[in-house]
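Participant: These are the residues of each chain, in order.
Number of protein chains: 2
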Amino acid sequence: MQTITTRPFPASRKKHVSGILYPELKVPFRVIEQHATLEVWNGVTRKTPNPDVWVYDTSGPYTDPDQTVDVYTGLSQTRRNWVLGRGDVEELPDFSSEFTRNLLQDSQTFPNIPRPLRARSGHNVTQMHYARRGIITPEMEYVAIREQERLEGMQEYIQQHAGQGFGANIPREITPEFVRSEIAKGRAIIPANINHTELEPMVIGRNFRVKINANIGNSAVSSSIEEEIEKMVWATRWGADTIMDLSTGKNIHQTREWIIRNSPVPVGTVPIYQALEKVGGKAEELTWEIYRDTLIEQAEQGVDYFTIHAGVLLRYIPLTARRRTGIVSRGGSIMAKWCLAHHQESFLYTHFAEICEIMQAYDVSFSLGDGLRPGSLEDANDAAQFAELHTLGELTRIAWKHDVQTMIEGPGHVPMQLIKENMDEQLKHCFEAPFYTLGPLTTDIAPGYDHITSAIGAAQIGWYGTAMLCYVTPKEHLGLPDKNDVREGVITYKIAAHAADLAKGFPGAQIRDNALSKARFEFRWEDQFNLSLDPERARSFHDATLPAEAAKTAHFCSMCGPHFCSMKLTEDIRRGMQEKSEEFQEKGLNIYLEAAGVEQPT
Amino acid sequence: MQTITTRPFPASRKKHVSGILYPELKVPFRVIEQHATLEVWNGVTRKTPNPDVWVYDTSGPYTDPDQTVDVYTGLSQTRRNWVLGRGDVEELPDFSSEFTRNLLQDSQTFPNIPRPLRARSGHNVTQMHYARRGIITPEMEYVAIREQERLEGMQEYIQQHAGQGFGANIPREITPEFVRSEIAKGRAIIPANINHTELEPMVIGRNFRVKINANIGNSAVSSSIEEEIEKMVWATRWGADTIMDLSTGKNIHQTREWIIRNSPVPVGTVPIYQALEKVGGKAEELTWEIYRDTLIEQAEQGVDYFTIHAGVLLRYIPLTARRRTGIVSRGGSIMAKWCLAHHQESFLYTHFAEICEIMQAYDVSFSLGDGLRPGSLEDANDAAQFAELHTLGELTRIAWKHDVQTMIEGPGHVPMQLIKENMDEQLKHCFEAPFYTLGPLTTDIAPGYDHITSAIGAAQIGWYGTAMLCYVTPKEHLGLPDKNDVREGVITYKIAAHAADLAKGFPGAQIRDNALSKARFEFRWEDQFNLSLDPERARSFHDATLPAEAAKTAHFCSMCGPHFCSMKLTEDIRRGMQEKSEEFQEKGLNIYLEAAGVEQPT
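Sequence lines, in order, name chains U and B. Counted from 1, the first sequence has number 329 at position 329 by the working numbering; the numbering is strictly sequential. Here the working numbering runs 602 ahead of the position in the second sequence, where the first position is 1.
Hints listed in this document are in silico derivations from the structure and should not be mistaken for laboratory results. Incorrect hints may appear among the rest.
Said to hold, decoys possible - In silico DSSO-like cross-links for lysine-lysine, where the CA-CA straight-line distance does not exceed 27 angstroms: (1) B:1085 / U:483; (2) B:1022 / U:278; (3) U:420 / B:880; (4) U:552 / B:1170; (5) U:282 / B:884; (6) B:884 / U:552; (7) U:483 / B:1154; (8) U:552 / B:1154; (9) U:552 / U:185; (10) B:1170 / B:616; (11) U:568 / B:852; (12) B:617 / B:628; (13) U:428 / B:1022; (14) B:880 / U:568; (15) U:26 / U:47; (16) U:250 / B:617; (17) U:568 / B:884; (18) U:250 / B:1085.
Said to hold, decoys possible - Simulated restraints on C-beta separations: (19) B:1146 / U:175: 56 to 62 angstroms; (20) B:1149 / U:289: 40 to 46 angstroms; (21) B:713 / U:555: 35 to 41 angstroms.
All C-beta atoms, glycine included, are put in the ideal place defined by N, C-alpha and C.
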């Protein structure tokens, strides 16, 4: 087994917060310790401590030196008691899927598979169902706590600019009741399969922090189970809020089992991929029975959300005929091929109500796939794309009738001036169900840099109201991402999501920015590194030119050198202002500061 | 001397276009050759050629195997005849600056320095002056040709989405007369010092393509002359439209000379840096006389634009007292320190008219520096920043009275929801003089990735109307960029600028996107690489998993593998539609296509 990355972040420790409704909750945060501010003023050194900065932490126990992780055992099944405690599930004697049962003895199989849970007959175990009945679940209180910034002692950092939310409705404090009401309305989801009890719940919705997803998974030409587990750990380390296992190669079932048992974040899949493998890659041979068994197989493993391309209707396919790049969604093109071969609507559409019944028995959330998303700028916002979006809205209504949690996938390749229309149409036609977009990429001409072409679009659409951003790595269009690509993609998307949170005015979003800028201004280099999204890279870039320990407190860096450091000069200026101010005060004058209407520095 | 990068781009050759008003012009383009499209249809292979794609080329003769470059000689002084031909300049017997004269025998001095030119007494040699007198210069026709896309034979690629220009006024065709009128109005500049006759003229203005600048230059702790020349060549290779030499270390004068003599793009500087070196780094010892001599020294070398922080007024400095990060512009902090020490307005402000007289004698353009730009989100759009912007507007009026070309520098660190206000204020208070912004960075928390935090903001402000984007590299805030950082920064900013051109609807902007997407869809991997902003990286990323030559025509890549390639599936779908269509046509039906209101594929 290849090594799993477990080193903690520098100057950081894991802290857990308990609930009020549910005192047993242990909601994880990463707490970054800061150095004191040192000021030399008239020859006297004054040392002022700086508070810990609490940050949202997706990395699970892997970054906690107090916890031992054994990937052969899997993570602790913390949620199992919560699920069982609701009294509406049963432990099945065996897996419902024959396909699963046949693989249990396979040498690649995870050694410690839990017994599958399912809703008892006549019960609905979705978070939406509870929410609509007025029940606040442990999951809801958990995510409410998780969304908050720690504000105590942060007075100096709390200031932030007013946001522009384009109709979002973000409260000053995220309460468990607010979470419940958002889920009840369909405006947010907590993807949390009752069979993935290892996960640390998180919420996806326009009125919460913008989330990011990282795609991992092997393909027929590359990658192994070990690599995929490490990619999951690696992606969540850098900040992935969910991962999707898009494996299409060998051992799809087993790979997924290993990933889920070890994943602290929700896991999504596209079940049609595996169904296609079951029929030897021949789309036209897919059947509802094979697909249905695949859904149950994956639901009993604990997949938290399914991408289902049920909006690809027969009559929309000709709308793609004149496109520059046709159908670029894998699932979309598989279903289109099936529809044409059979000349009928897909079984995803015709059996949608039955799919809802499966979803509600395990609390799997829908991610209604945009099978007809544009794959090039030229195809953006075209008739095919928006026709499918309207159908996804109709399907959302059906899912909600079954109390099944639902989000909607979005594009793709879209030039900047057309991005907002995507958000507006989605809000309107899908009734504010959370939007989950891939980028969008704002130009087609930069393969090798598509994490950047798409981060530009992702930040904007996140600002406009998208709830989760699916990352794009530098390898997009060119090959399967490796670990470096995953890190680059995740950090890039954390930037986009955070920029969106700031622009929307999410309460407390600017605390980390303010803390880091304060550290920067005070030449606390270590704190600047530690507060950054990627402390290891920040440090190594600094040390590339100034590796000496002394440089970590120097009042300059190699970018400008000592004479040209503006921050160093500003120190002098402020002292100058202070001295001038004192001088003038003695003379009964206070020219500088009064003229500018500014209070004096104290 | 370290090796200068001269390899041409793959499948590319340099072509030159001559003028109509000035037939001797040789306006450079890079022409990318494409492979033919191969279609197998009913067993017959049809080969359809694809046209050459012409792209804007900033790389000068370095990427042209037909030209020999010798950095000891410098580039051809093509513009010298144009300048002399206007009959309004004189060749000086010697350099006006004593500082320059003293360095001529220095061992580091460039061996082939041209004799300096200056406007004859009573003459004004700026492009703005000519433009206002109705004269279309060779420079104006040159940039008009350069801004155009080559449209002949591109019918299949010409389609693009309508732009949203926020009041920009981009014509369908850029004519020399349009260039002249934009320059006359102050809405555009052609930075082109009469002493930098090696340069290939380019235009900066809201109604032209968005440009990017790359900062190079040594600092006291790093870098050599050789490295800086190669950085210039390297930056323009990847697409820098101008470079700024921000050297603050040793041999500033000589480094600049080598760069200018070898630079095909305009070179900007911040003269106060060198002036500060002349007084041993003590800001308060700066004088107008030293600064004035530095301006003349640099103007006679051929610097094309000067960043001058003349808007830092005494009364604005206290407005920065409560800022999170004070004054972060190097020039701004130097001038603030001077103002405070002397308790008077800076010589940049008090001698502004004299500075204009120097500018007009050499046609150096102003880049009015934003010395009080915000260095952290918290300081964005504050009183200090906007107070200075208003003063820059007043100075623009004075510069324009002298017919001196002027652009305005902008921030900095700005959260997304506050970016547009920057553009709106600038347009309003600076009368549509071109805006030239640094990013802006949309969050402070990602040192090591600030090319990305800032590209998000740069694309937006470019869309809103900024004419030139100053790049930010991954090393921002951490150290001096190396070659890899320069490449990463330039490509990232080309993406932002191009995304802005697309969003504004610049005519022809989408041609390259359409061509690349067509190549992608047709599995012309080589063409996909060759049409991209960084062909070398695109190819190496692809080859990381599928290095074999055969994979360059394969109908899949390692991202999805052969069974899951949506584009491969779309081919099948289109054939399916075609066959169905034929089948139904025989039966007198045409269900698919008519239902969708789409013409049949032919």
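Participant: Among all the numbered hints in the text so far, which are the ones the structure does not match?
Facilitator: Numbers 2, 3, 4, 5, 8, 9, 10, 15, 16, 18, 19, in rising order.
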